[in-house]
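Undergrad: Here is how the chains run, residue by residue.
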Amino acid sequence: MSTEENKAIVRRYQEAYNTNNLDVLDEVVAADIATPMMLPGFPSGLEGLKQLHRLTVDAWPDMRVEIEDLIAEGDRVAARVTVSATPQKEAFGVPPTGKSFKVGGMYIVRIADGKIVEHWSLEDAIGIMQQLGLMPAPGG
Amino acid sequence: MSTEENEAIVRRYREIHNKNQLDQLGEVLAADFVGHALLPGAPSGLEGAKMVHLGGLAAFPDAQVTTEDLIAEGDKVVERWTQTMTHTGVSMFGAPTGSGKKVKITGISIYRIASGKIVEHWSQMDVVSILQQLGVMPAPGGS
Numbered sequence: 001m002s003t004e005e006n007k008a009i010v011r012r013y014q015e016a017y018n019t020n021n022l023d024v025l026d027e028v029v030a031a032d033i034a035t036p037m038m039l040p041g042f043p044s045g046l047e048g049l050k051q052l053h054r055l056t057v058d059a060w061p062d063m064r065v066e067i068e069d070l071i072a073e074g075d076r077v078a079a080r081v082t083v084s085a086t087p088q089k090e091a092f093g094v095p096p097t098g099k100s101f102k103v104g105g106m107y108i109v110r111i112a113d114g115k116i117v118e119h120w121s122l123e124d125a126i127g128i129m130q131q132l133g134l135m136p137a138p139g140g
Numbered sequence: 141m142s143t144e145e146n147e148a149i150v151r152r153y154r155e156i157h158n159k160n161q162l163d164q165l166g167e168v169l170a171a172d173f174v175g176h177a178l179l180p181g182a183p184s185g186l187e188g189a190k191m192v193h194l195g196g197l198a199a200f201p202d203a204q205v206t207t208e209d210l211i212a213e214g215d216k217v218v219e220r221w222t223q224t225m226t227h228t229g230v231s232m233f234g235a236p237t238g239s240g241k242k243v244k245i246t247g248i249s250i251y252r253i254a255s256g257k258i259v260e261h262w263s264q265m266d267v268v269s270i271l272q273q274l275g276v277m278p279a280p281g282g283s
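Top to bottom, those sequences are chains P and U. No gaps in the numbering here: position 90 of the first sequence is 90 in my numbering, and each next residue is one more. No gaps in the numbering here: position 140 of the second sequence is 280 in my numbering, and each next residue is one more.
The following block holds chain P by itself, in its conformation from the complex (with noise of 0.2 Å):
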């Protein structure tokens, strides 16, 4: 598969979160999907992913992600990403604050056969919690 068809996949990958539709996480997502870096208490596979999705959801309904550039080679896309939310219920261990959060992520796919098989996340997860006024701000 080229590296465009691969974006191409990214990109559907990530609007299906951002429009809530899931089923079609089936068509560029495998079953099996390996996640190394989910956290802990989820099933493996896309089974975990589209449950930590429904439960991020839940508790921060307006939450978008933004690609902001994609970089491609081989088998593998990196992405990224402006993550943003208003959290409305308690999540993660980070409780509602009446502000919102706007920070950057990245995360990086492994695409076999037209679907992702592999996935690497990370955000910035301080940066959350000093925009939502539970950590001091640097220089505060």
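No wet-lab data here; the hints were simulated from the structure. Please note: incorrect hints may appear among the correct ones.
Within a straight-line C-alpha distance of at most 20 Å, the following computed SDA-like cross-link-like pairs (lysine to any residue) qualify [as the list claims (entries may be wrong)]:
1. P/K102 / U/L179
2. U/K244 / P/K7
3. P/K7 / U/K242
4. U/K244 / P/T35
5. P/K7 / U/V268
6. U/K244 / P/M37
7. U/K244 / P/E5
8. P/K102 / U/R152
9. P/K102 / U/E213
10. P/K102 / U/S263
11. P/K102 / U/M265
12. U/K244 / P/L39
13. P/K7 / U/R220
14. P/K7 / U/D215
15. U/K242 / P/R64
16. U/K244 / P/A125
17. P/K102 / U/K242
18. P/K102 / U/V268
Simulated restraints on C-beta separations [claimed, not checked]:
19. U/V276 / P/E66: 40 to 48 Å
20. U/L194 / P/P61: 24 to 32 Å
21. U/T226 / P/F42: 42 to 50 Å
22. U/M277 / P/E68: 39 to 47 Å
23. U/A198 / P/E90: 20 to 28 Å
24. P/F42 / U/P180: 31 to 39 Å
25. P/K102 / U/P183: 24 to 32 Å
26. P/P43 / U/M277: 22 to 30 Å
27. P/A112 / U/R152: 42 to 50 Å
28. P/A31 / U/L162: 21 to 29 Å
29. U/A279 / P/L134: 13 to 21 Å
30. U/D163 / P/P43: 43 to 51 Å
For each residue, glycine too, the CB sits at the ideal point set by N, CA and C.
Once you have looked at the hints, place chain U on chain P.
TA: Same frame as chain P, but now just chain U:
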């Protein structure tokens, strides 16, 4: 420049970083490079990068980064890395001085390269995991 040449620049940067040869950083980092992951308050560019590196070493003198994967396209290279370090130095992240705790984390960095040097840099790393491994934040499962 080819993607192979760009990957070689990132590997050289990583080598200089791991050997703490900060006087050689200028070989691969542009003096006025834009660092989106520099700590607030640090000077910009090459001097800021040196300061941040020295700050990290003060707490974790044995920090080493292993490049797990490189993804190169156009003028950018993405590096997925793991870092191992022992907290034997100054207090950091709220952990008391010299806690002796060993930490291993994953990170992703993105480099933009122009005229043979890194001119822009973004990075994410699992800071929450550092805090958990230092005992400053409860680990998953709450302990």
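Undergrad: Decide if the proposed pair is consistent with the structure: P/K7 and U/K242, CA atoms, cutoff 20 Å inclusive.
TA: 37 Å, violated
Undergrad: Does the structure keep U/K244 and P/M37 at a Cα separation of 20 Å or less?
TA: 13 Å, holds
Undergrad: Starting from the hint 20 to 28 Å, judge whether the C-beta atoms of U/A198 and P/E90 obey it.
TA: 36 Å, violated
Undergrad: Hint check: U/K242 vs P/R64, CA-CA at most 20 Å. Holds or violated?
TA: At roughly 35 Å apart (the allowed maximum being 20 Å), P/R64 and U/K242 break the hint.
Undergrad: Sort out whether U/L179 lies within 20 Å of P/K102, counting only the CA atoms.
TA: 17 Å, holds
Undergrad: Holds or violated: are the alpha carbons of U/K244 and P/K7 at most 20 Å from each other?
TA: Distance ~30 Å between U/K244 and P/K7 Cα, so the pair is violated.
Undergrad: Within a Cα-Cα threshold of 20 Å, do U/K244 and P/T35 meet the stated pairing?
TA: Status holds; Cα separation ~18 Å.
Undergrad: I want to verify a distance hint. Is the separation of the beta carbons of U/L194 and P/P61 within 24 to 32 Å?
TA: Distance hint for U/L194, P/P61 is violated at roughly 43 Å.
Undergrad: How does the Cβ-Cβ distance of U/M277 and P/E68 compare with 39 to 47 Å: does it lie in that range?
TA: About 28 Å separates the Cβ atoms of U/M277 and P/E68, which means 39 to 47 Å is violated.
Undergrad: That 42 to 50 Å hint for P/A112 and U/R152 (C-beta), does it hold up?
TA: Taking Cβ atoms as reference, P/A112 and U/R152 lie about 31 Å apart, which means the hint is violated.
Undergrad: Please verify whether U/K244 and P/E5 have alpha carbons no more than 20 Å apart.
TA: 34 Å, violated
Undergrad: Note whether the CB distance of U/D163 and P/P43 lies within 43 to 51 Å or breaks it.
TA: Because 50 Å falls inside the window, the suggested range holds.
Consistency with the previously given hints fails for numbers 2, 3, 5, 7, 8, 9, 15, 17, 19, 20, 21, 22, 23, 27, 28, ordered from lowest to highest.
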